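Peer 1: Each chain, written out:
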Amino acid sequence: MSQISHGHNNEPATIPDGDSLHAPSPFLPFELITEILYRVPVKFLIQFKCVCKSWKTLISNPEFAKKHFSTFHHHHHLLLSINDALNNLIVKLYSFPSIFETPPPISTQVSYPLNTQSCFAFMVGSCDGMLCFAGSLNTALLWNPTIRVFKRLPPLEKYTIFGFGFDQCSDSYKVVAILCSLSSSDGGSAYVTEVKIHNLGTDSWRRIQEYPFGIPSGLSAKFVSGTLNWLASTHKLSSYAIVSLDLGKESCQELLQPDYGEVNVLSFSLGVLKNCLSIIVHYEEGFSDVWLMNDYGKKESWTKFLCLPFLGFPHVLPYGKVIYIYDDKEVLLEFNSELAIYNFRNETFNFPEVPDFYGWPEPQIYVESLISPCS
Amino acid sequence: MAKTPEPKRTISLKPCDGDVIEVSPMIAKQMQTIQSFIEDDSFIATTTIIPLPNVTAFQLSKIIDYLNYHSNSKAVADNVKESTKKFDEEFLKELEHDKLKELLHAANYLNVKEVLDFLCQAVADLIQDKSVKFVRKFFGVVNDYSVEEEEDIRRTHAWAFEGVEED
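These protein sequences, in sequence, are chains A and B. First residue of the first sequence? That's 1 in UniProt numbering, and the numbers climb one at a time after it. First residue of the second sequence? That's 1 in UniProt numbering, and the numbers climb one at a time after it.
Keep in mind the hints are simulated off the structure, nothing from the lab. A couple of the hints might just be wrong.
So the derived list for chain A, only partly shown, Cβ under 8 Å to chain B, looks like this [unchecked claim]:
1. 41
2. 53
3. 106
4. 367
Label pairs and their computed distance ranges (CB to CB) [unchecked claim]:
5. 246(A) - 131(B): 45 to 51 Å
6. 97(B) - 82(A): 51 to 57 Å
7. 246(A) - 97(B): 47 to 53 Å
Source: prediction; values computed, not measured. Glycine included, every Cβ here is placed at the ideal spot set by N, Cα and C.
Isolated chain B, as found in the complex (with noise of 0.2 Å):
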């Protein structure tokens, strides 16, 4: 790691649809994807865009955002925790259903694990008491059951099911 110095400037990244982005290299070295591409040999930190095909400038620039203020929450020690609360109840808010998914996708395809940790916790409180048909639909999940084996499961774990309502 000592021979090769971090470059100090910024990494542009060009999402599919506008313009780039400059990022700063702690923010880029989050992303995996983008720091093995960094750390190849032929990288000219100077001169190359990273054109990302499968991001959207709003994933990105979403996922900028999180990164960016995790990042400067870390430095201070207190009243964080109910400041970052508001942060990520803020930053959920603007998604929909597809709009969160395609986000997960762009985070797993960036593989920035800070960002896909907290996208996973948020679809899993999202689903975790909606009824199996919303968690199909959520998931585009086809249902391979006959109607007996799904009643038999039911049926074993009838317990898990009080309270619940079906819709």
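Chain A extracted, bound-state conformation (with noise of 0.2 Å):
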């Protein structure tokens, strides 16, 4: 330690010694190093396991991860999942500057882990930098695919529906599954669900109270909030409940949707943008608005965000899902059934070259990170 004089005080004060800092060349202390680390991409941390024996340990320490991913500064991918010409499933992904601002757009790919085993398989979720994909046989599996690491769920009985999110209450990722099967008693038959939990820590399922509202319509949910977020049908024709599935408490409710107006409503979609449930809305009329509701749960914070205007087609659906809102100025949609980008400050529309958007499955908005699903 050393001591610093305090002009006429006789009383000494210290601060502590940066040690090593005038060894001929400066060596940096663990924390510092370790601090570097967080800030650098996967890709290059996987390399540097290899530089010694130490900095495997931290870099492959799951505590080390989740740092890591809060404090990397991230950029946002658009992910989407194709099949290529021999039929095997890959991930795409695509850098979300160079989609709005520097033609052509730059992509990695990926190849789904169980291409090999020719299963039907399609994307559930993601969540911190890994994904949920339910394959055929009703198994679910997660997988990070920046580490290259992925593991599969217990499979199921029935025909499922999956849902994917983080617990904060619990501080684990959670897949829920909604099984679906129709059952014929009282003279009539009925759709009867069941729900239940996966959690990473003890890979296995368990029940839990049952879903309300039917079943599901749309094969993701949306994850918002600590919260998984499904459209489904209500027992009136052409009504839809947006059902919330708390992961802490695990357990179901309705959110209220905002006051649309007097319009024609004739479909709605689910979507996650800035981190906020949205809702998009078409009207007969041929126009559709996209709401966010900015604090979630609550009925009142429902704003309009946008108003996709109407371009001359009555009764013609062209917009889809809202995927992204770059730079507060453009979002990324789906317009008759590619992608496009609106200009909502100048009205404009221009269409990015991403060959490989069909509109299905659901694109996904993903950030790399080290987070392991077999940790």
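Assemble the dimeric complex from its two separately framed chains, guided by the hints.
Peer 2: Set out below in structure tokens:
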């Protein structure tokens, strides 16, 4: 410890010493090296496991992965899962600045880990760098394509709709399965559901309370603020409820929707924009509105974010999902089954060159991480 | 906080190899090590010079430059991004590898979060597409793997090394 004299004061005060500063070539303490590595992209961290044993131990530690995820300056990617010419499933990642700013967009791709087993799979969701896929035979798979680690979850016995997200209360990633089956009792037949939650820690499914709203529509749930959200059809025709499953409480509730006003709604779809739950509402009149729930769970926080203009085709739905908001002036959306960028400041459209977009399956927003489904 | 009014005058910092440098309380406040020194009851703002035996005049003035620029540029909202980027680039241009590491040390010693974050990011940007050999040399890390052990890691993660040129 070095001492610092206090001018006229006789009491010395101390400031902790910065060790090894005067070494001929400066060596950085391990804490500083760790701080630096929190800011290095995942692919290079995998390479840097070769530097020495203590770096490998550090980079492999799940706690490091978490801190890296919260510190690293993330770039968002558009993630599309597509089938190549050999019918293999691949995921393709497009970096967002390149979609909006520098055509043609830059992409990288990774093959789905179970391609050799010729099984059908589609994407359920993306959370903290991990993807959840639903495969054939009612199985789910968690996969981090950046570190190329995957885990198959125990299979389920019935047709299943999955959802995937992170629960802060238990500090764990959870996959929710809604098992659906047709029951023919009391002279009629109706769909019945059973809800199960998989916990990565125990690697087992556990039954929770019923899904109270029939069958979720749409195959993937939207993960927002610790909840999974589906649209579900209600008893009234052409009317949908937003059903929210809280991953911490493990219970469902209905979310109140915005007041759409005096319009004829054709259809809805849910999305996540700016970390908020969003709903895009398509009207018979040929235009669509995008609403954001700024404060999750509060009806009064719904605000109309954007009105997508009527382009001359009544009763035709030109707009599909709204995928991403960029730089507070542009949105990436599905338009006539293609990708389009709508600049809502000057109300212009343009079409990025993303040849792999078919509108199906659901495009996802992806950020890379070191978080492993196996830890 | 309300009971101890901030000293109006500047704070005097004495680097190990130069004259006293005066900084405003606002700048000093961002240096946690100095701040806890000032908050010490025995500190007399008007007369005390704070010696910094682990920080050179060059390092101290770089850190003060950074804090000055960034605290001023926060006040103006528009068109700041571009000029800030330019300032940051110029700031780093003057630093060779050893100087950069020394500055990181000094920022760590003074515990200036903003500068620490910036310099950690700068080093991360510098090393991220470099070879494992470069990284070892940069940090002075000794390779404690056997040839076989290192080969094994490279084989297991072969995809991460695609397109990487070893020097």
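Peer 1: For every hint, state whether the structure bears it out.
Peer 2: Hint-by-hint comparison with the structure:
Annotation: residue 41(A) was flagged as interfacial toward chain B, and the flag holds, the nearest CB pair being 6 Å apart, inside 8 Å. For residue 53(A), the shortest C-beta to C-beta distance to chain B is roughly 5 Å, which falls under 8 Å, so the interface hint holds. Annotation: residue 106(A) was flagged as interfacial toward chain B, and the flag is violated, the nearest CB pair being 14 Å apart, outside 8 Å. Contact between residue 367(A) and chain B, as hinted, is not supported at the beta carbon level, the nearest pair being about 17 Å apart and thus beyond 8 Å.
Evaluation of the 45 to 51 Å hint for residue 246(A) and residue 131(B) yields a pass: the beta carbon distance comes to about 47 Å. For residue 97(B) and residue 82(A), the hinted distance range of 51 to 57 Å is not satisfied, since their beta carbons lie about 43 Å from each other. Distance hint for residue 246(A) and residue 97(B): a CB-CB separation of about 50 Å, consistent with the stated range 47 to 53 Å.
Consistency with the previously given hints fails for numbers 3, 4 and 6, ordered from lowest to highest.
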